[in-house]
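*Asks:* Same order as they appear, the protein sequences are chains A and B.
Per our numbering, the first sequence runs over residues 233 to 390.
Per our numbering, the second sequence runs over residues 229 to 1026.
In short, the hints are calculated from the structure, not lab data.
Mixed in with the good hints there might be a few duds.
Said to hold, decoys possible - Below, in silico cross-link-like pairs of lysine to aspartate or glutamate (EDC-like), each with a Cα-Cα straight-line distance of 20 Å or less:
no. : chain 1 : residue 1 : chain 2 : residue 2
1   : B       : K890      : A       : E326
2   : A       : K377      : B       : D962
3   : A       : K377      : B       : D885
4   : B       : K1018     : B       : D885
5   : B       : K240      : A       : E326
6   : B       : K240      : B       : D962
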Amino acid sequence: MKLPVKMTINGQAYSHEVEPRLLLVHYIRETIGLTGTHVGCDTSQCGACTILMNGQAVKACTLFAVQADGANIMTIEGLAKNGELHPIQQGFWEKHGLQCGFCTPGMIMTAYQMLERYPHPSEDQIRHQLEGNLCRCTGYHNIVKAIQWAAEQMAAKK
Amino acid sequence: MATVTAERLLGKSIKRREDPRFITGKGTYVDDVKLPGATYAAFVRSPHAHARIRSLDASAARSHPGVVAVFTGQDMVGVNSLPCGWDLRRAKNVPGVVQDLAIVPHMPLTSDVARHVGDPVAVVIAETQAAAVDAAEKVKVDWEVLKAVTATEGATAPGAVRIHADAPDNVAFKWEIGDRAATDAAFKSAAVTVKKRIVNQRLVANAMEPRACAARYDDATGDLTLWVTSQNPHVHRLLMCAFVLGIPEHKVRVIAPDVGGGFGSKIFLYNEEVVCSWASRQLKRPVRWTATRREAYLTDAHGRDHVTDAEIALTRDGKITGLRVKTQANLGAYLSTFAPAVPTFLYGTLLNGVYTIGAIHCEVTGVFSNTTAVDAYRGAGRPEACYVLERIVEAGARAIGMDVAELRRKNFIPKFSGAYQTLVAVSYDSGDYAATFDKMMQLLDYKKFRAEQEAARKQGRLLGIGFSAYIEACSIAPSKLVGALGAGAGLYESAKVRVHPTGMVTVFTGSHSHGQGHETTFSQLAADELGIPIEQIEIVHGDTGQIPFGMGTYGSRSGSVGGTALLMSLRKIKEKGKRIAAHLLEASANDIEYVNGQFQVRGAPGKAVPFGTVSLTAYIPHNYPADLEPGLEETSFYDPSNFCFPFGAHACVVEVDRDTGKVTILRYLAVDDVGNVINPMIVDGMVHGGIAQGVGQALWEGAVYDETSGQLLSGSMMDYALPKADMLPMYETDRTVTPTPVNPLGLKGAGETGTIASTPAVVNAVVDALAPFGVDHIEVMPLTAERVWKTIQAAKAR
Chain A
233 MKLPVKMTIN GQAYSHEVEP RLLLVHYIRE TIGLTGTHVG CDTSQCGACT
283 ILMNGQAVKA CTLFAVQADG ANIMTIEGLA KNGELHPIQQ GFWEKHGLQC
333 GFCTPGMIMT AYQMLERYPH PSEDQIRHQL EGNLCRCTGY HNIVKAIQWA
383 AEQMAAKK
Chain B
229 MATVTAERLL GKSIKRREDP RFITGKGTYV DDVKLPGATY AAFVRSPHAH
279 ARIRSLDASA ARSHPGVVAV FTGQDMVGVN SLPCGWDLRR AKNVPGVVQD
329 LAIVPHMPLT SDVARHVGDP VAVVIAETQA AAVDAAEKVK VDWEVLKAVT
379 ATEGATAPGA VRIHADAPDN VAFKWEIGDR AATDAAFKSA AVTVKKRIVN
429 QRLVANAMEP RACAARYDDA TGDLTLWVTS QNPHVHRLLM CAFVLGIPEH
479 KVRVIAPDVG GGFGSKIFLY NEEVVCSWAS RQLKRPVRWT ATRREAYLTD
529 AHGRDHVTDA EIALTRDGKI TGLRVKTQAN LGAYLSTFAP AVPTFLYGTL
579 LNGVYTIGAI HCEVTGVFSN TTAVDAYRGA GRPEACYVLE RIVEAGARAI
629 GMDVAELRRK NFIPKFSGAY QTLVAVSYDS GDYAATFDKM MQLLDYKKFR
679 AEQEAARKQG RLLGIGFSAY IEACSIAPSK LVGALGAGAG LYESAKVRVH
729 PTGMVTVFTG SHSHGQGHET TFSQLAADEL GIPIEQIEIV HGDTGQIPFG
779 MGTYGSRSGS VGGTALLMSL RKIKEKGKRI AAHLLEASAN DIEYVNGQFQ
829 VRGAPGKAVP FGTVSLTAYI PHNYPADLEP GLEETSFYDP SNFCFPFGAH
879 ACVVEVDRDT GKVTILRYLA VDDVGNVINP MIVDGMVHGG IAQGVGQALW
929 EGAVYDETSG QLLSGSMMDY ALPKADMLPM YETDRTVTPT PVNPLGLKGA
979 GETGTIASTP AVVNAVVDAL APFGVDHIEV MPLTAERVWK TIQAAKAR
């Protein structure tokens, strides 16, 4: 049995017939072909699959594609506009907030919502808000710095 | 045409050149490689730790919609065991070393007995991943469940179940290093001896990208391409072709594209890669597989798992006169690729640490158990050695009532460069251990901390400080030496530099980046050496179809070994360029010097040709030296003459909650000496990450098996406690610089220092915090709140 789904991803409309058990992350990666959203675990711990769904940072491995029917989704590929990096992306680059890069898309999408909620986050707030994202390379030090850098840039632009 | 630049890039924290693709979601990891016509593999795995296959019925799976094939071990006719690349039996002539090894078969799909939970017995290949997974559940295996043994010490206990026919008492090897008689004598005459049981628990690497592979056999050409999460694609290819599948090496291309972390776990040749490659040849279709995280926990090689009895002998005034170490190392169910080297030559040879020690003897027994195979995990043997030494040194200091910093200070090997012969075979390259320790102590303000600690204790607060003065062996490794120790491989590295006609440069390195940043650091090196803008340089790695035969990345070897190979090729390019330039300038090649991207006549900068003119001339050789080949491309292989030995001093300050046992890190300081540094930002990042992994071992991580069922209890990210952002502090890092004389770049290696140093620093700090209760040791990590609380309660009850 297949069910129809429609959603907007990074501003583009998609509609497909999918198995009800198809995970949203697999829909994004396999059906749409946007492979920037990663799968690092099977228990919703690692956060590598974090995307924005209707403005909320969610783990795409924890939703079925059919649950996202009608949703407006942004993935890592949709963050840079007209070739210009978002300040969070820039921050990860400036502050060496990544090494292997696998957790990075999820980290950045989590940071996106974090800075919407807390435009001037403390270090403790950043660390607490990253609780759902795992990184094995950086020890988090430079990820915190990257988000602090982005927060300053975004505040200065306002 | 090349433009010139004078800006030096070595030693500069330039931003990483690989980052734009990663921060925009455009990286290409193995699972991102899409292959038309691909099929999907799902493995049928043993749910038991130890069980005999009575029978296997795959008929229901075969008739499942979408299934292409089901294969068992019996179908894989002519396929051999996965090889163990380090044979301790071969090294019988190393002074002070006694060893042997039981080589046991490790079939890609086991046909007789499953020896750990997750051992694969069949593979289902289907048109979709869902069909493969669904059908795999329909494979019926009639299991005869056998008794299992998982505990390191239990494996050799009387009556323990035998895991391999060829390994009596489950002993894989016995190994000794050092001088037993001298050590016995040192202990006999010692004023003070302290003995502790020190357990280094089993860990799971947990690279964020799960292992994956995609194999594509081209029936028309006979070419097989394997995309695989590998730290060393040529090693994968060699082992798979020559030892397991018996297929022609030159018809196999192994590509390790972007790889999401390795930490050792992606060095080894695994069952799934072999099975998918074999199956693709059978089916003449691409076959792909990506591990679920649960599969990763069950099948990625684990790390550590030592049980050690360590003894230190001291004089009353704190000189270390003897060290005796007896270790049981759990190797798991099979011998993984480099497993025998880790608890032997990467462990026992580091027990001299940074100290002058009277005598050392170490014996290690490697044992089989019904657990996932154990192999190199970040640091690999060296963290275990450092942990033993830095714990027993502190226990020794406490026993004679000497300050732990003072005792270390008293025993440091004095500053040297060239060679310091240890008592455990290796010879250090250069070191100034006291200077690094002193710098750390200065940053720390030790006296102030002790005063704060005293004041805090009066208020009932438990503050503690722990040190670790570590050494490690990296820049792995001199081929002749490792060959004598049992390695099946040489451990040189390769680099090819191709200068294109327009002066653009492609570097092909045998080294591999899975987070290390080669595209940046190797570009810095090439740009500086050639004096051309970094934008003109591209780094290619990870593709056996493009790069020269290379040994890959582990053991902090990329910069020191791979970088030196690159330097050699760059210098060859310049030498050839000088001959071309000399011809163009009508001068002698001996009179040509290369300055800021141009070849010029010495003393006459006006008589010069830029790099780009020379490169163009090399490919359009109309006006060209008669005795010179056209083209500008050079390949080098560098085999180091020795290991390099980075060192440093770390300190950790903790507070322990006396009511709950929870440990909070208040400060973490690292002063490392990794020799020269190409990119300080990248080195700092590696140190940070290494510290986090070592802290993880000290406080939270551990692979736990149920001893009765042999099930891995910590087999998911829900159950295995990986460090999170809110569990860790900001790290304070600094460096001293003692270049190595081993290689011309003076680089020692920086990839593993943090992991090696941090575990003992944290545990020492917790022990120090608990000193008011009379605690001088905690046998087992991780120091979870529960374990620390129990330690406090037990101490109170004494």
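*Asks:* Compare the structure with each hint and give your call.
*Replies:* Against the structure, the hints:
no.: 1; hint: K890/B / E326/A; result: violated (35 Å)
no.: 2; hint: K377/A / D962/B; result: holds (18 Å)
no.: 3; hint: K377/A / D885/B; result: violated (28 Å)
no.: 4; hint: K1018/B / D885/B; result: holds (12 Å)
no.: 5; hint: K240/B / E326/A; result: holds (14 Å)
no.: 6; hint: K240/B / D962/B; result: holds (15 Å)
Consistency with the previously given hints fails for numbers 1 and 3, ordered from lowest to highest.
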